[in-house]
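*Asks:* The opening residue of the sequence shown carries number -8 in the numbering used here; numbering runs sequentially from there.
If you're looking for bench data, these hints aren't it; they were derived computationally from the structure.
Errors might be hidden in some of the hints.
As the list claims (entries may be wrong) - Distance condition first, Cα-Cα at most 30 Å in a straight line; then the derived DSS-like pairs of lysine-lysine:
hint, residue 1, residue 2
1, Lys21, Lys69
2, Lys46, Lys144
3, Lys69, Lys134
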Amino acid sequence: MKDQIKAHVKWQVEAYVKSKKDHENENIIKKIESFQNRNAEIVKVMANTTITDRKQEDDHTYVHYDVHMQYLIKQKDKMYMEEKLEHHLASFYKDKLYESREINQEDIILNQRQIEAELEENDDMPRISYRYDRLKAVQYAEKWWNSYNPAYKKFEVDCTNYISQCLHAGGAPMRGYPNKSKGWWMRSNNWSYSWSVANSLRIYLASSRVGLQAREVGSPHELMLGDVICYDFQGDGRFDHNTIVTGKDALGMPLVNAHTSNSRMRYWAYEDSTAYTPNIQYKFFTIVDNP
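Work the whole structure out from these sequences, hints included.
*Replies:* What follows is the structure, given as C-alpha coordinates:
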(Lines of atoms letter the chains of each structure in order from A and count residues from 1; the text may use other names and numbers.)
(Lines give C-alpha, C1' and ligand atoms only; values in the text may rest on other atoms or scores of the structure.)
Protein backbone atom coordinates (compact mmCIF):
# COMPACT_ATOMS: atom_id res chain seq x y z
CA MET A 1 0.00 0.00 0.00
CA LYS A 2 2.79 2.38 0.87
CA ASP A 3 4.41 1.81 -2.53
CA GLN A 4 1.11 2.50 -4.31
CA ILE A 5 0.68 5.76 -2.40
CA LYS A 6 4.23 6.80 -3.25
CA ALA A 7 3.61 6.02 -6.93
CA HIS A 8 0.44 8.12 -6.90
CA VAL A 9 2.25 11.06 -5.26
CA LYS A 10 5.10 10.72 -7.77
CA TRP A 11 2.58 11.01 -10.60
CA GLN A 12 1.26 14.23 -9.05
CA VAL A 13 4.75 15.65 -8.63
CA GLU A 14 5.61 14.94 -12.26
CA ALA A 15 2.36 16.58 -13.41
CA TYR A 16 3.44 19.98 -12.07
CA VAL A 17 6.41 20.24 -14.43
CA LYS A 18 4.57 18.97 -17.51
CA SER A 19 2.30 20.89 -19.83
CA LYS A 20 -1.19 21.25 -18.37
CA LYS A 21 -2.66 19.42 -21.37
CA ASP A 22 -0.90 16.27 -20.15
CA HIS A 23 -3.15 15.88 -17.09
CA GLU A 24 -6.67 16.69 -15.91
CA ASN A 25 -6.18 17.52 -12.22
CA GLU A 26 -7.99 20.83 -11.72
CA ASN A 27 -5.97 21.86 -8.67
CA ILE A 28 -2.69 21.31 -10.50
CA ILE A 29 -3.91 23.29 -13.51
CA LYS A 30 -5.00 26.20 -11.28
CA LYS A 31 -1.63 26.32 -9.56
CA ILE A 32 0.34 26.20 -12.82
CA GLU A 33 -1.82 28.94 -14.33
CA SER A 34 -1.46 31.15 -11.23
CA PHE A 35 2.32 31.07 -11.68
CA GLN A 36 2.10 31.65 -15.43
CA ASN A 37 0.00 34.77 -14.78
CA ARG A 38 2.93 36.15 -12.75
CA ASN A 39 5.58 35.20 -15.32
CA ALA A 40 6.82 32.55 -12.90
CA GLU A 41 7.29 28.82 -13.30
CA ILE A 42 7.59 25.72 -11.17
CA VAL A 43 10.99 24.27 -12.02
CA LYS A 44 11.05 21.45 -9.47
CA VAL A 45 8.63 19.77 -7.07
CA MET A 46 9.54 17.55 -4.14
CA ALA A 47 7.20 15.59 -1.90
CA ASN A 48 7.68 13.76 1.37
CA THR A 49 4.89 11.32 2.31
CA THR A 50 3.96 10.24 5.84
CA ILE A 51 1.18 7.77 6.70
CA THR A 52 -0.73 9.04 9.74
CA ASP A 53 -3.60 6.55 10.17
CA ARG A 54 -4.98 3.30 8.79
CA LYS A 55 -8.43 1.74 9.15
CA GLN A 56 -9.59 -1.69 7.97
CA GLU A 57 -13.21 -2.50 7.06
CA ASP A 58 -13.57 -5.99 5.59
CA ASP A 59 -11.85 -5.86 2.17
CA HIS A 60 -11.54 -2.06 2.28
CA THR A 61 -8.60 -0.20 3.78
CA TYR A 62 -8.55 3.54 4.35
CA VAL A 63 -5.20 5.24 4.79
CA HIS A 64 -4.71 8.85 5.87
CA TYR A 65 -1.41 10.33 4.80
CA ASP A 66 0.28 13.73 4.71
CA VAL A 67 2.32 15.12 1.84
CA HIS A 68 4.83 17.88 2.50
CA MET A 69 4.99 19.61 -0.88
CA GLN A 70 7.92 21.84 -1.85
CA TYR A 71 7.79 23.91 -5.03
CA LEU A 72 10.97 25.52 -6.36
CA ILE A 73 9.80 28.69 -8.13
CA LYS A 74 11.70 30.76 -10.67
CA GLN A 75 10.58 34.31 -11.43
CA LYS A 76 12.93 36.53 -13.42
CA ASP A 77 16.30 36.12 -11.68
CA LYS A 78 14.80 35.12 -8.33
CA MET A 79 14.35 31.59 -6.97
CA TYR A 80 12.35 30.75 -3.86
CA MET A 81 10.70 27.73 -2.22
CA GLU A 82 6.97 27.54 -1.56
CA GLU A 83 5.81 24.83 0.86
CA LYS A 84 2.48 23.33 1.84
CA LEU A 85 1.27 20.42 3.97
CA GLU A 86 -1.48 18.44 2.27
CA HIS A 87 -3.75 15.89 3.98
CA HIS A 88 -4.90 12.95 1.84
CA LEU A 89 -7.15 9.90 2.12
CA ALA A 90 -6.33 6.77 0.08
CA SER A 91 -8.93 4.03 -0.38
CA PHE A 92 -7.92 0.44 -1.13
CA TYR A 93 -9.99 -2.60 -2.10
CA LYS A 94 -8.25 -5.92 -1.56
CA ASP A 95 -4.97 -4.03 -1.18
CA LYS A 96 -5.36 -2.25 -4.51
CA LEU A 97 -5.56 1.56 -4.61
CA TYR A 98 -8.76 2.73 -6.27
CA GLU A 99 -9.01 6.33 -5.03
CA SER A 100 -6.82 8.95 -3.43
CA ARG A 101 -8.00 12.48 -2.76
CA GLU A 102 -6.80 15.53 -0.91
CA ILE A 103 -8.75 16.57 2.17
CA ASN A 104 -8.99 20.29 1.54
CA GLN A 105 -8.33 22.03 4.84
CA GLU A 106 -9.32 25.39 3.36
CA ASP A 107 -12.88 24.09 2.93
CA ILE A 108 -13.01 23.75 6.73
CA ILE A 109 -12.70 27.54 6.91
CA LEU A 110 -15.88 27.96 4.88
CA ASN A 111 -17.76 25.12 6.59
CA GLN A 112 -17.10 26.55 10.04
CA ARG A 113 -17.63 30.25 9.47
CA GLN A 114 -17.89 31.80 12.90
CA ILE A 115 -20.45 34.43 13.81
CA GLU A 116 -19.03 37.93 13.71
CA ALA A 117 -18.26 39.09 17.23
CA GLU A 118 -19.12 42.63 18.22
CA LEU A 119 -16.00 44.14 19.75
CA GLU A 120 -16.21 46.63 22.56
CA GLU A 121 -13.57 49.34 22.28
CA ASN A 122 -12.75 52.15 24.66
CA ASP A 123 -10.59 55.00 23.37
CA ASP A 124 -10.07 56.20 26.96
CA MET A 125 -7.83 53.24 27.80
CA PRO A 126 -4.23 54.08 28.79
CA ARG A 127 -1.77 54.32 25.94
CA ILE A 128 0.38 51.19 25.47
CA SER A 129 3.81 51.82 23.93
CA TYR A 130 5.46 49.24 21.70
CA ARG A 131 7.64 48.98 18.65
CA TYR A 132 6.77 46.18 16.24
CA ASP A 133 9.74 43.94 15.49
CA ARG A 134 8.95 42.65 12.00
CA LEU A 135 11.96 40.33 11.93
CA LYS A 136 10.87 38.53 15.11
CA ALA A 137 7.32 38.18 13.80
CA VAL A 138 8.57 36.64 10.55
CA GLN A 139 11.03 34.38 12.39
CA TYR A 140 8.15 33.08 14.51
CA ALA A 141 5.99 32.57 11.40
CA GLU A 142 8.79 30.57 9.78
CA LYS A 143 9.47 28.46 12.86
CA TRP A 144 5.86 27.41 13.44
CA TRP A 145 4.36 27.40 9.91
CA ASN A 146 3.97 23.60 9.93
CA SER A 147 3.77 22.89 13.66
CA TYR A 148 2.07 24.24 16.77
CA ASN A 149 3.58 26.06 19.72
CA PRO A 150 2.53 24.08 22.84
CA ALA A 151 2.39 27.32 24.80
CA TYR A 152 -0.85 28.19 22.96
CA LYS A 153 -4.15 26.42 22.37
CA LYS A 154 -4.50 24.80 18.94
CA PHE A 155 -7.73 25.36 17.00
CA GLU A 156 -9.17 23.25 14.15
CA VAL A 157 -9.46 26.52 12.22
CA ASP A 158 -6.09 27.84 13.38
CA CYS A 159 -5.27 30.59 10.90
CA THR A 160 -6.09 33.59 13.10
CA ASN A 161 -4.62 32.05 16.25
CA TYR A 162 -1.36 31.55 14.33
CA ILE A 163 -1.34 35.13 13.00
CA SER A 164 -2.02 36.48 16.49
CA GLN A 165 0.92 34.50 17.85
CA CYS A 166 3.17 35.95 15.12
CA LEU A 167 2.05 39.50 15.92
CA HIS A 168 2.62 38.96 19.63
CA ALA A 169 6.10 37.51 18.92
CA GLY A 170 6.82 40.79 17.12
CA GLY A 171 6.05 42.73 20.29
CA ALA A 172 2.37 43.61 19.83
CA PRO A 173 0.90 43.93 23.35
CA MET A 174 -2.18 42.06 24.53
CA ARG A 175 -4.98 43.98 26.22
CA GLY A 176 -8.60 43.54 27.28
CA TYR A 177 -8.48 40.43 29.52
CA PRO A 178 -10.83 38.92 30.70
CA ASN A 179 -13.51 40.39 28.39
CA LYS A 180 -13.71 38.17 25.28
CA SER A 181 -15.36 40.99 23.30
CA LYS A 182 -12.71 43.52 24.20
CA GLY A 183 -9.14 44.00 23.07
CA TRP A 184 -6.84 41.28 21.75
CA TRP A 185 -5.46 38.63 24.10
CA MET A 186 -4.97 34.99 25.03
CA ARG A 187 -4.37 33.74 28.55
CA SER A 188 -4.31 30.10 29.69
CA ASN A 189 -7.43 28.47 28.21
CA ASN A 190 -9.23 31.70 27.44
CA TRP A 191 -8.94 34.23 24.62
CA SER A 192 -10.63 37.18 22.95
CA TYR A 193 -12.67 36.81 19.78
CA SER A 194 -10.15 39.01 17.98
CA TRP A 195 -7.35 36.57 18.84
CA SER A 196 -8.94 33.54 17.20
CA VAL A 197 -11.79 34.60 14.85
CA ALA A 198 -10.75 35.81 11.39
CA ASN A 199 -13.44 38.45 10.97
CA SER A 200 -12.99 39.74 14.52
CA LEU A 201 -9.25 40.25 14.01
CA ARG A 202 -10.03 42.14 10.81
CA ILE A 203 -12.42 44.42 12.72
CA TYR A 204 -9.90 44.89 15.52
CA LEU A 205 -7.05 45.84 13.17
CA ALA A 206 -9.29 48.41 11.49
CA SER A 207 -10.55 49.97 14.73
CA SER A 208 -7.96 49.62 17.51
CA ARG A 209 -6.47 52.87 18.80
CA VAL A 210 -4.71 51.37 21.83
CA GLY A 211 -2.06 48.62 21.91
CA LEU A 212 -1.83 46.62 18.68
CA GLN A 213 -2.70 49.00 15.85
CA ALA A 214 -2.70 48.81 12.07
CA ARG A 215 -3.34 51.00 9.07
CA GLU A 216 -5.30 49.72 6.08
CA VAL A 217 -3.59 50.25 2.72
CA GLY A 218 -5.01 49.92 -0.74
CA SER A 219 -2.53 47.60 -2.41
CA PRO A 220 -0.49 44.50 -1.53
CA HIS A 221 2.53 46.37 -2.95
CA GLU A 222 2.43 48.62 0.11
CA LEU A 223 2.77 45.78 2.62
CA MET A 224 5.99 45.01 4.46
CA LEU A 225 7.24 41.83 6.11
CA GLY A 226 5.17 41.06 9.18
CA ASP A 227 2.00 42.72 7.84
CA VAL A 228 -1.39 41.00 7.60
CA ILE A 229 -3.77 40.13 4.74
CA CYS A 230 -7.42 39.28 5.46
CA TYR A 231 -9.54 37.19 3.05
CA ASP A 232 -13.29 37.21 2.40
CA PHE A 233 -13.49 34.26 0.02
CA GLN A 234 -17.17 34.64 -0.82
CA GLY A 235 -17.23 38.43 -0.93
CA ASP A 236 -20.13 38.72 1.52
CA GLY A 237 -18.43 41.03 4.02
CA ARG A 238 -17.48 38.35 6.55
CA PHE A 239 -13.77 37.59 6.43
CA ASP A 240 -12.70 33.95 6.68
CA HIS A 241 -8.92 33.78 6.72
CA ASN A 242 -5.74 35.67 7.63
CA THR A 243 -2.11 35.38 6.55
CA ILE A 244 1.19 37.08 7.44
CA VAL A 245 3.65 38.47 4.89
CA THR A 246 6.97 36.61 5.17
CA GLY A 247 8.61 37.43 1.82
CA LYS A 248 8.30 39.17 -1.55
CA ASP A 249 8.49 37.72 -5.05
CA ALA A 250 10.56 39.17 -7.90
CA LEU A 251 7.80 41.68 -8.69
CA GLY A 252 7.62 42.90 -5.08
CA MET A 253 4.35 41.13 -4.34
CA PRO A 254 3.77 39.48 -0.93
CA LEU A 255 4.43 35.84 -0.16
CA VAL A 256 2.60 34.64 2.93
CA ASN A 257 2.56 31.99 5.67
CA ALA A 258 -0.66 30.54 7.06
CA HIS A 259 -2.23 27.83 9.19
CA THR A 260 -5.31 25.59 8.80
CA SER A 261 -3.96 24.68 5.39
CA ASN A 262 -0.37 25.04 6.56
CA SER A 263 1.55 27.01 3.94
CA ARG A 264 4.85 28.82 3.63
CA MET A 265 5.88 31.50 1.08
CA ARG A 266 2.58 31.12 -0.77
CA TYR A 267 1.51 33.80 -3.25
CA TRP A 268 -0.78 36.21 -1.43
CA ALA A 269 -3.80 36.10 -3.79
CA TYR A 270 -4.73 32.43 -3.02
CA GLU A 271 -5.94 31.90 -6.60
CA ASP A 272 -4.99 28.21 -6.33
CA SER A 273 -7.05 27.72 -3.16
CA THR A 274 -10.11 25.45 -3.11
CA ALA A 275 -11.85 28.23 -1.16
CA TYR A 276 -11.17 30.86 -3.85
CA THR A 277 -14.14 32.40 -5.67
CA PRO A 278 -14.32 35.23 -8.25
CA ASN A 279 -16.02 37.33 -5.55
CA ILE A 280 -13.03 37.24 -3.18
CA GLN A 281 -12.23 40.44 -1.29
CA TYR A 282 -9.02 41.36 0.54
CA LYS A 283 -8.00 43.75 3.30
CA PHE A 284 -4.36 44.80 3.60
CA PHE A 285 -3.10 45.95 7.00
CA THR A 286 0.32 47.31 7.82
CA ILE A 287 1.19 47.18 11.53
CA VAL A 288 2.13 50.54 13.02
CA ASP A 289 4.39 51.35 15.96
CA ASN A 290 3.14 53.14 19.05
CA PRO A 291 6.41 54.41 20.57
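*Asks:* Checking one constraint from the list: CA of Lys46 to CA of Lys144, max 30 Å. Satisfied?
*Replies:* holds, 28 Å
*Asks:* Does Lys69 pair with Lys134 here, judged by a C-alpha cut-off of 30 Å?
*Replies:* holds, 23 Å
*Asks:* Given the hinted pair Lys21 and Lys69, is their Cα-Cα distance within 30 Å?
*Replies:* Holds, at about 22 Å.
In summary, this structure violates none of the numbered hints.
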